[in-house]
Each structure stands twice: as C-alpha cells, then as structure tokens.
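Chains A and B are the protein sequences, given in the same order.
Count the first sequence with my numbering and you get residues 392 to 623, in order.
Count the second sequence with my numbering and you get residues 4 to 256, in order.
If you are wondering where the hints come from, they were derived from the structure by calculation, not from laboratory data.
Hints may contain errors.
[Unchecked claim] Stretch by stretch, here's where chain A covers chain B in the computed footprint (C-beta under 8 angstroms, at least three residues): (1) 12 to 19; (2) 81 to 95; (3) 242 to 253.
[Stated by the list, open to error] Derived BS3-like pairs: lysine-lysine, alpha-carbon spacing no greater than 27 angstroms straight-line: (4) A:K481 with B:K13; (5) A:K611 with A:K592; (6) A:K513 with A:K500; (7) A:K500 with A:K481; (8) B:K9 with A:K500; (9) B:K13 with A:K538; (10) A:K521 with B:K75; (11) B:K137 with A:K521; (12) B:K9 with A:K409; (13) A:K500 with B:K137.
A virtual CB, placed ideally from N, CA and C, is assigned to each residue, including glycine.
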Amino acid sequence: MDNLLQFQSVSKSYGSRKALNDVSFSIGPGKIIGLLGTNGSGKSTLMKITAGLLPVYSGSVTVAGQPLDLNTKSIVSFMPDRPLTESWMKVRDAITFYSDFYSDFDMAKALQMLDFMNLNPKDRISSLSKGMNERLQLTLALSRNAKLYLLDEPIGGVDPVARTKILDAIVEFYSEDSSLIISTHLVKDIERIFDEVIFIKNGDLVLHEEVEELRLKHGKSVDDMFKEVFAE
Amino acid sequence: MMRLLKYDWKKNSTMLLSTAVILILAEVGLTTASYTRGWEEGITIGLSIMLYVFTSMLAVIMTYRTFFSNAKSYSRRLLPVRTVWSVLSPMVLGSLVLIGLGILICIHIGVFSLIYGVPDLKDISTEVTSQLLKVTAIFVFQVFWAYLFSYMAIALSIAIALMFQRGRVWIGILSFIVIQNVISWIISSLFEVSFGGIPFLNVKLQSNLMVGGEVVFPDNIMIINWGETLLEAVFIVLMLYATVLLLNRRVEA
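Work the whole structure out from these sequences, hints included.
Structural data, given as structure tokens:
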C-alpha cells in the first residue's frame with residue numbers, strides 16, 4: 392500500500408534549538424495516528440512542516456507521493472494550535488471562506504457538524520468561548536474531504552464536556568479512506584481512538600508502533616507507555 | 004485572486020466604510036461651513052485637500068497592514084492559492100479604494116463648481132478639456148505608479164523582516180530604506196530625474212498650472228519619461244518576484 396505521508400531524515404532547528412532531529416517514518420491511508428510527546432517535543436513542528444507552514448528544513452517530506460507544494464495544501468487539512476479564522480468573521484463567514492477556497496469542502500457535512508457541535512452560524516467568532524472555538528476549528532478541518540488530516544492538540548485547554556464532544560465528532564465525521572494524525576499530551580482521554588502511535592521526545596522519534604502490537608508486546612496501555620518513555 | 008480580494012475587502016470593510024462616512028460628513032460640513040460663513044475659497048480647498056490626502060494615506064496604510072497580517076496568518080498561508088495573488092490582492096484593494104476616493108473627489112469638484120462657480124465647468128473649451136484630461140490622466144498614473152512602487156518596496160521589506168524571529172520592526176525599516184535608496188540611486192544615475200530628484204514622479208512639468216484663475220495649458224505640459232518608467236517597472240517586477248520567493252521559501256508562519 393502506498394504511503395500517504397513520508398518523512399525521510401527530516402531535521403528542523405529554531406536558531407540553536409533542534410526541534411526535529413533526523414526523523415523518518417511513513418503512514419499509510421485509513422489510520423488514526425496519535426502523535427504523542429510532552430510540550431516542546433516537536434509535535435507541532437512536524438505538523439507545520441507537513442502542512443507547508445515551515446518551508447525551511449532538511450530532509451524530504453512527501454504527501455501522497457508528492458513533495459510539499461501547492462497541490463499538497465489542497466489534500467492536507469490542518470487544524471493548528473492557533474485559530475484558522477479571522478477576528479472579523481462570524482461562524483457562517485468562516486464556513487463560506489473554507490467553501491470558497493477548498494474544492495473538497497463538504498458543505499452538507501459542515502452544516503451537520505455545526506449542528507452536532509451546537510454552533511450557531513450567526514455567532515461572532517470573537518464572542519465564542521475557547522471550547523466552542525475549538526469545536527469550530529475542528530468543524531472547519533473535518534468538513535473537508537482531505538486525504539490527510541492533522542489535528543494539533545484538538546482537546547488541549549478545553550473542559551471535559553467539550554473534550555468528549557470533540558472526540559465524538561472526530562470519530563463520527565472522520566473519513567475512513569483518509570488518515571488522521573492527532574497530536575496531544577493528554578493521552579488517557581484520547582488513546583481509545585488510535586490505530587498507531589508515534590512518540591516524539593526532544594525532537595527524536597523514539598517509538599512508532601500499532602496500538603494493538605504495543606499492548607501485546609509490552610502489556611501496557613498507550614498512557615502507561617507514554618508515562619514510561621517520558622518519565623523525568 | 005478575486006476570492007482573496009473578496010476576503011481582504013471583508014476584513015477591512017468596517018474600517019473603510021466608516022472612514023468613508025466620516026470623510027463625507029467632514030467634507031459636507033466643511034463646504035457648508037465655508038459657504039454659510041463666507042470663508043475664502045482657498046482655505047476651503049486647502050482643508051478639503053488635506054482631508055483627502057489624510058484619507059488616502061489611511062487607505063494605503065491599510066493595504067500594508069493587510070499584507071502584513073495575511074503573510075503571518077495561518078488561515079491565509081494554508082490556502083492552496085499561488086503566493087503572487089496573496090501579495091497582489093491587498094495592492095488591488097488599495098487601488099480600488101483610491102479609485103473610489105478619486106470618484107468622490109470628482110463629485111466634490113462638481114458640487115464645489117455649482118456652489119462657487121470655480122472651476123467653471125461650462126466655460127472650459129474642448130481644447131482645454133483635452134489638455135485637462137491629459138494632465139489628469141498623467142497625474143492619476145503617477146499616483147498609481149508611486150503607490151505601486153511603495154507597496155512593493157514595503158511588501159518586500161515585510162517579507163525580509165518576517166524571515167527573522169527578533170527585531171522585525173527595525174529590520175523592516177532598514178530594508179525599506181536600503182531598497183528605496185538603492186533603486187533611487189540607480190535610477191538617478193541613469194536618468195535625469197525631475198521633481199527635485201524624486202524617482203517615481205517621472206514627469207517633466209513644462210508650465211505652471213494656475214488654480215482659481217484663467218487656466219492656460221500649453222502643449223506638452225507634462226511629459227512622461229518612458230525609459231525611466233520602464234526601468235521602474237522592471238524593479239517593481241523584481242521586488243514582486245523577491246517577495247513571492249521569500250514568502251514561499253524563507254518566511255515561516
């Protein structure tokens with residue numbers, strides 16, 4: 392099966408600080424992958440490189456066999472740690488913005504997700520709470536029929552109710568032909584939906600394994616393994 | 004680019020429309036006060052011009068700010084749209100706003116003429132009208148040209164500044180000064196620059212234009228230096244290319 396995402400010897404530095412160090416891995420289609428690591432381990436950097444937001448790095452990255460360019464932007468849907476919306480927008484403006492620029496945007500799915508997330512199209516984005524804003528960002532990212540979804544800390548900083556709602560939405564609206572990478576350090580809340588996990592520690596990839604294999608081989612849950620690997 | 008333009012307009016529409024309303028109210032107030040209190044025409048014209056210049060400066064600054072915020076914004080950087088259109092979209096928006104301002108000025112001149120009889124639009128002969136149109140066209144072209152150059156120089160300066168994590172403001176200012184001076188020096192050393200040596204105002208004024216009295220337009224009142232204009236066009240394209248290259252290869256969101 393062809394790889395959907397391939398990293399080959401990718402390194403990235405911010406000044407003297409290494410964010411990624413010779414990272415190589417590949418991901419096939421139809422998987423939900425947990426990208427796990429502590430704060431500052433390099434998860435966001437890896438996602439931003441894949442999304443095309445960080446053009447300066449060494450090594451090679453391909454999405455669906457293509458090097459990162461304009462075409463890969465149209466098949467990768469990224470929910471970053473910063474809002475994808477602009478302060479002047481209402482919820483409906485954000486939906487129209489996405490619909491105008493992404494040919495794979497599914498308006499019916501977006502409206503269904505807005506309803507599921509209890510979001511009102513007439514609401515100003517600047518008046519949304521953090522939890523509601525996270526729901527909107529997720530709606531925008533998942534309403535596209537992309538090949539690869541990247542969700543950077545989708546449940547970080549939201550209350551347990553919003554967290555459950557967001558996880559339910561991911562499972563409900565995620566297209567099974569695509570792959571989805573979710574970065575988080577809140578492993579316990581989310582590990583139930585992962586097919587594979589990638590552990591990143593100080594910019595190094597320290598583990599990439601299927602969740603079932605990890606449980607069989609080590610006899611531990613993802614959360615236990617996470618605590619073991621990242622213990623200080 | 005039309006879709007980008009649509010969202011650049013939406014992003015700035017509240018500010019632009021409110022500024023337009025304030026400008027119209029201020030100009031109406033000024034003209035009314037001037038008429039009812041019998042102010043001198045020169046004072047009214049001077050104050051009106053100041054308001055228009057101030058508004059056009061606001062519009063131009065809006066385009067720079069829009070470019071800057073778009074260059075940093077995730078929502079724009081992630082779009083599957085060629086970077087060149089993202090660079091040009093705020094510039095086109097600014098041009099449209101300046102055109103709108105120009106239309107407003109024309110309407111104001113018409114209203115002023117009806118109230119004060121100056122300029123006397125009925126008495127302007129066909130010959131004078133054709134010269135007036137020529138002078139106006141050259142003036143509009145010069146304003147657009149200077150705006151286009153300044154926009155590209157500032158866009159490139161912003162792109163250079165965004166390559167760095169620290170000291171962006173100072174790097175941007177320094178870049179703009181260097182770009183401006185290097186290009187001005189090259190143009191000045193190759194061409195005889197008019198208007199006190201300011202490039203991008205590349206016309207020669209052949210005669211003084213009188214305001215308020217009898218207007219006499221000699222032939223060739225203004226001549227565009229096309230060689231200089233062509234070189235400037237090359238610099239504008241080079242700055243656009245460099246800006247796109249930096250945004251694609253060096254600037255990180």
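Tested hints:
{"no.": "1", "hint": "12 to 19", "in the structure": "holds (count 3)"}
{"no.": "2", "hint": "81 to 95", "in the structure": "holds (count 5)"}
{"no.": "3", "hint": "242 to 253", "in the structure": "holds (count 3)"}
{"no.": "4", "hint": "A:K481 with B:K13", "in the structure": "holds, 11 angstroms"}
{"no.": "5", "hint": "A:K611 with A:K592", "in the structure": "holds, 19 angstroms"}
{"no.": "6", "hint": "A:K513 with A:K500", "in the structure": "holds, 18 angstroms"}
{"no.": "7", "hint": "A:K500 with A:K481", "in the structure": "holds, 18 angstroms"}
{"no.": "8", "hint": "B:K9 with A:K500", "in the structure": "holds, 24 angstroms"}
{"no.": "9", "hint": "B:K13 with A:K538", "in the structure": "violated, 30 angstroms"}
{"no.": "10", "hint": "A:K521 with B:K75", "in the structure": "holds, 22 angstroms"}
{"no.": "11", "hint": "B:K137 with A:K521", "in the structure": "violated, 58 angstroms"}
{"no.": "12", "hint": "B:K9 with A:K409", "in the structure": "violated, 40 angstroms"}
{"no.": "13", "hint": "A:K500 with B:K137", "in the structure": "violated, 56 angstroms"}
When the structure is compared with the earlier hints, violations turn up for hints 9, 11, 12, 13 and for no others.
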